[in-house]
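Student: What follows is each chain in one-letter form.
2 protein chains.
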Amino acid sequence: MSKKDKDFRLTWQAEAPKHKTHKPYKGFKPEFDVKDPEAGTYRSIFKWGAQDFHKIPKEGLLKLIKERFGMTDEDFKKRLPNDGHEKVEYDIPLKLTAKQLSALEAIVGKDNIKTDDYTRLSVAYGKTMFDLLRLRNKIVENVPDAVLYPAETEQIEKIVEFCNKERIPVYVYGGGSSVTRGVECVKGGISLDLRKNFNKVVKFNKVNQTVTVQAGMMGPALEEYLNMLPLTDGTKYAYTCGHFPQSYKWSSVGGWVVTRGAGQNSTYFGKIENIVMHQKYATPIGVIETDSIPAKATGPDIGQIMMGAEGTFGVLTEVTLRVFRLMEDNQFRFGFMFRTWQDAQAFGREVMQCQAGFPSVFRLSDGEETEMMMYNYNLDEMKPVMALLKMKGYELGKMSLCLGFTDGEKGFCKNVLKNVKKLAKQYGGMSLTGVVTKEWEKGRFTDPYLRDTVQDFGIMIETLECAMNWDNMNHVWEYVRNYCKSRPNTIVCTHISHAYPQGANLYFIFIAKMTEMEEFKAYHSGLLQAIHDSGAAMSHHHGIGKMFAPWLRTSVLGESQHDIIKALRKHFDPNCIMNPGGTLGLD
Amino acid sequence: MSKKDKDFRLTWQAEAPKHKTHKPYKGFKPEFDVKDPEAGTYRSIFKWGAQDFHKIPKEGLLKLIKERFGMTDEDFKKRLPNDGHEKVEYDIPLKLTAKQLSALEAIVGKDNIKTDDYTRLSVAYGKTMFDLLRLRNKIVENVPDAVLYPAETEQIEKIVEFCNKERIPVYVYGGGSSVTRGVECVKGGISLDLRKNFNKVVKFNKVNQTVTVQAGMMGPALEEYLNMLPLTDGTKYAYTCGHFPQSYKWSSVGGWVVTRGAGQNSTYFGKIENIVMHQKYATPIGVIETDSIPAKATGPDIGQIMMGAEGTFGVLTEVTLRVFRLMEDNQFRFGFMFRTWQDAQAFGREVMQCQAGFPSVFRLSDGEETEMMMYNYNLDEMKPVMALLKMKGYELGKMSLCLGFTDGEKGFCKNVLKNVKKLAKQYGGMSLTGVVTKEWEKGRFTDPYLRDTVQDFGIMIETLECAMNWDNMNHVWEYVRNYCKSRPNTIVCTHISHAYPQGANLYFIFIAKMTEMEEFKAYHSGLLQAIHDSGAAMSHHHGIGKMFAPWLRTSVLGESQHDIIKALRKHFDPNCIMNPGGTLGLD
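First to last, the protein sequences are chains A and B. Going by the numbering used here, the first residue of the first sequence is number 257, and it counts up by one from there. Going by the numbering used here, the first residue of the second sequence is number 257, and it counts up by one from there.
Treat the hints with care, as some may be off.
Note: identical chains are not told apart, hence a pair may lie in one copy or across any two.
Listed below are the simulated SDA-like cross-link pairs for lysine to any residue, each with C-alpha atoms no more than 20 Å apart in a straight line [stated by the list, open to error]:
1) Lys333 x Gly316
2) Lys370 x Glu480
3) Lys822 x Ile747
4) Lys452 x Glu361
5) Lys322 x Asp727
6) Lys414 x Asp367
7) Lys456 x Asp347
8) Lys666 x Gln682
9) Lys459 x Asp727
10) Lys333 x Glu361
11) Lys456 x Ala407
12) Lys646 x Tyr735
13) Lys370 x Lys414
14) Lys462 x Glu606
15) Lys678 x Tyr493
16) Lys674 x Asn586
17) Lys343 x Tyr739
18) Lys670 x Gln611
19) Lys459 x Glu361
20) Lys492 x Leu679
21) Lys452 x Ser300
22) Lys666 x Lys681
23) Lys639 x Asn393
24) Lys462 x Gln611
25) Lys394 x Glu342
In short, the hints are calculated from the structure, not lab data. These numbers come from a predicted model, not from an experiment.
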């Protein structure tokens, strides 16, 4: 390997070790369920990510949870019985006829169609807590009749054509990490599981710096391909797609596109709608394909009409993305502590408006989240820093953490860092060096694994996020937080993870002792209502799906804008076969 | 004035002196028509810009034109008779009923509706050569029945509602600089001339850095408002809208938005679709208003559906734009000469892909344009530089010029400049310092004035532009240039003026001795066909209008994408009253 080769630090390999190890518990350690779920079980479906990777909370975090929820060691001595280790079993007969099934089989081949119970359920749900609770409680509903594994774009086009003729609902399962009931097969029909066969690179264009992929390609496979191009294809540069959502390892390119997703590095690389160059869809009225020209003035932007439709206009088959040169050596890390969340917000706004270039990862946590991170990211062990902070009047629960790093050419990154540092100082930020960011990076893609481990003890972790202008941010934060806190003993952490000169998102994480589905549904729904009432947009990058859809027409967009989407749906899908059953409130 | 105040270099004041003065002609000087056209004349309508500002070609440029077209001083001794100094006179009766007219009058007030011949013609055409030729030849067609001057958004909403009920076509005249027959009143009806009353700032938001304006606000008025805010409103910063098309002084914010325009500084500030935050439209089915949140995942992007509709969905009434802090001291100028156009292209691509931040103005001219600029921008007087270039093997006609400057925070700009310089060297570019850029800046908003002066002698100047990926750029250039050159004695200059990591635009300027409308139409149409056949998008920022529309359905978008726009038109405007008569090929 030449020196040049060694310089590729492969982003897709930068992951945590398989089994998370950290300081052993000093006190009582609950018996967390770290058993790999067996094939065919409910747990194997709802469990986050790799079947053989488990993550348990650090002792400090568990301590905090106990304190906040008034729980004791006793409460952690016995796991709840609904752990999902039972085999999937239910009785929902197929509605598709034998003739229909054999027509579908003729398109994809015998090995690429399945109708067994487990397979049907395995693609029916996403990963919102509502899905997890249903699976833990063996509530099986909304399964497709058949699961297909297409391998070619033409197969998907034929499937959509056939299903339109036969009025068979068509759902798509990419990575399955939807938290909006986006993939749920409310009307039965078929689900196209893209993971198995529809996951390849179609072409790479070195001159234009673009890559075209099948929609089912998963994040790490794409990143590996791009990182390795100097070795596999002799390119001068290694590349990155720049899109790293928390679900990065368990989400597909197609899913990113149809929901308007955002990666954690989006402040530099842009949301997916800024990265997409070209899209190809199989719709009931035929193939829709845009070009890959970066800017034009030839009428409304068709690409932006298709993105965000969440499968209701057609199946996204191929997509071309911009790619970026990989320059990870220029990822300069930073971390600051501000006295208050308001100081942190003001600092964030200034960073975004000063025109010095944007950092890549740029996260600002409110007081409660900062405290939580202290417990979770080993900061509680940094006694000298904590003492210094205390001495300087930074108060736990109020002080707010900023972390992040740069991306881009070296001089660009240096200048961003220089300005971030200068502004942090101006707003009373104390530098913590890059150490906090490094801690955060260790868990950036694996934190969701914690959910399952603590849920076995009745602790629920769920997230919601929204977007707003800067001048409404503190109001949204207060308003939504007040709602969350109206439920006693609920932890609510908030952060900004995607910022713009004109505003940012707010990401709410709530942690509660909560086991009942009805309570979850009511609380979740109230939270969505609070987000809407505060004046924020209901989703910055999770999408709308079927779960948030009831608000889309009446509140988020209003009738006149929602009617535009309805008119488009009618145009593309007059028979309502595409992701039907409430997606975007369209039927 | 404090030091701080003095630091505002007002972009809107940075204009050429009223009467362009330059070195006197040494040889024969034609009698150019520098007479201010009288009120009521055809010339007062077709003349570019201010009635009392005239621009004549420099002696070197005229010499080049004579050489290329085989013309002699004799040809410049007599101006053509169709100079448009006659008063407008025609006989096209009104089709609106007295009742309809008085209903419209009731909405806008007696002083704000006109039906005289001159007023009707003055808003009927734009500024493409086809418009100019028609006016020079007194070809009056497609005039509206009445011209209205609304002052309030509600008035426009009432007008659209009334016209929809009565099936009266509605056209909008912003700045009138369309080169696509975008404003032309093909079906009669009414035209809303926004210049008089609908041109104000609605609100400025310092926290979000946004400004909301009425759609008829003109470029300089907006820029003056933003530049002056520290004096008028005590803001800490002066601001700029960052959008400076060549038509900047004679175009409206609304026109920029509905056509998807681009300013000359767009490589840094973005095209208008990247600058728009919020839009409000009066459509036949009611008011459509988007929010101003910078990013969201709540379905297809309604804002991007409305932009580019060119008035066929409704009348844009109010628009909110991002604004930027004004930091003109950081505009570092650069200029380079490359040996070939291909070297210049390769350099341009590298600048856009190196992730060091983008320059603001970034222009790369091909060999023929470079030669033309040498003649036009005093470079022919820079004998030592020319001698040096020659010595180093840079050949006139082949060598290609790059000029531009940076925008943004100081360190950001310095880094962009550093990288531009480094890469220029790598691609064989010889630095010309910032002097060429300064020359270019002098004429950046006034060059269109040249058109009228030389057209009096039968010399026609017209422009077309398109967009493509990098890997198709040289092909497009060769293909379109070959078409242009198939007509003997035609000058064709080409440049890149808007660049992206994945591609850029190409801007073609053709200059020819041509006076016949049919010849112009055939040549122009052939050029559009050549652009399409070469694989480029037919418009990067001029829009489609009625002139390019015949290609939109069959070639540019194809039927399936064009059908989407048709479906939207049907939704918004079922009676086809909005900018009807061929805009975007919709009726």
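Student: If a hint holds in the structure, say so; if it does not, say that too.
Tutor: For each hint, the structure was consulted:
1. Lys333 x Gly316: For Lys333 and Gly316, the Cα distance is within 20 Å only inside one copy (17 Å; across copies 92 Å).
2. Lys370 x Glu480: Cα proximity of Lys370 and Glu480: none, with 30 Å in one copy and 66 Å across.
3. Lys822 x Ile747: Answer is neither: 38 Å inside a copy and 50 Å across each miss the 20 Å cutoff.
4. Lys452 x Glu361: within (16 Å within a copy, 66 Å between copies)
5. Lys322 x Asp727: Cα proximity of Lys322 and Asp727: none, with 36 Å in one copy and 60 Å across.
6. Lys414 x Asp367: Answer is within; shortest intra-copy Cα gap is 17 Å, inter-copy 62 Å.
7. Lys456 x Asp347: Neither, since 35 Å and 66 Å both go past 20 Å.
8. Lys666 x Gln682: The answer is between: 18 Å across copies meets 20 Å, while 24 Å in one copy does not.
9. Lys459 x Asp727: between (44 Å within a copy, 14 Å between copies)
10. Lys333 x Glu361: neither (50 Å within a copy, 81 Å between copies)
11. Lys456 x Ala407: This pair counts as within: shortest intra-copy Cα distance 9 Å, inter-copy 56 Å.
12. Lys646 x Tyr735: Classified as neither: same-chain Cα gap 29 Å, cross-chain 70 Å, threshold 20 Å.
13. Lys370 x Lys414: Answer is within; shortest intra-copy Cα gap is 18 Å, inter-copy 58 Å.
14. Lys462 x Glu606: The answer is between: 12 Å across copies meets 20 Å, while 36 Å in one copy does not.
15. Lys678 x Tyr493: Answer is between; shortest inter-copy Cα gap is 18 Å, intra-copy 32 Å.
16. Lys674 x Asn586: both (13 Å within a copy, 17 Å between copies)
17. Lys343 x Tyr739: Neither. Shortest intra-copy (39 Å) and inter-copy (70 Å) distances fail the 20 Å Cα cut-off.
18. Lys670 x Gln611: both (14 Å within a copy, 13 Å between copies)
19. Lys459 x Glu361: neither (28 Å within a copy, 60 Å between copies)
20. Lys492 x Leu679: Between copies only: 16 Å across chains, 36 Å inside a chain, cut-off 20 Å.
21. Lys452 x Ser300: within (17 Å within a copy, 68 Å between copies)
22. Lys666 x Lys681: Between copies only: 19 Å across, 23 Å inside.
23. Lys639 x Asn393: neither (43 Å within a copy, 86 Å between copies)
24. Lys462 x Gln611: So Lys462 and Gln611 pass the 20 Å test across copies only (15 Å; inside, 29 Å).
25. Lys394 x Glu342: within (9 Å within a copy, 86 Å between copies)
In terms of the numbered hints stated before, the structure departs from hints 2, 3, 5, 7, 10, 12, 17, 19 and 23, listed from lowest to highest.
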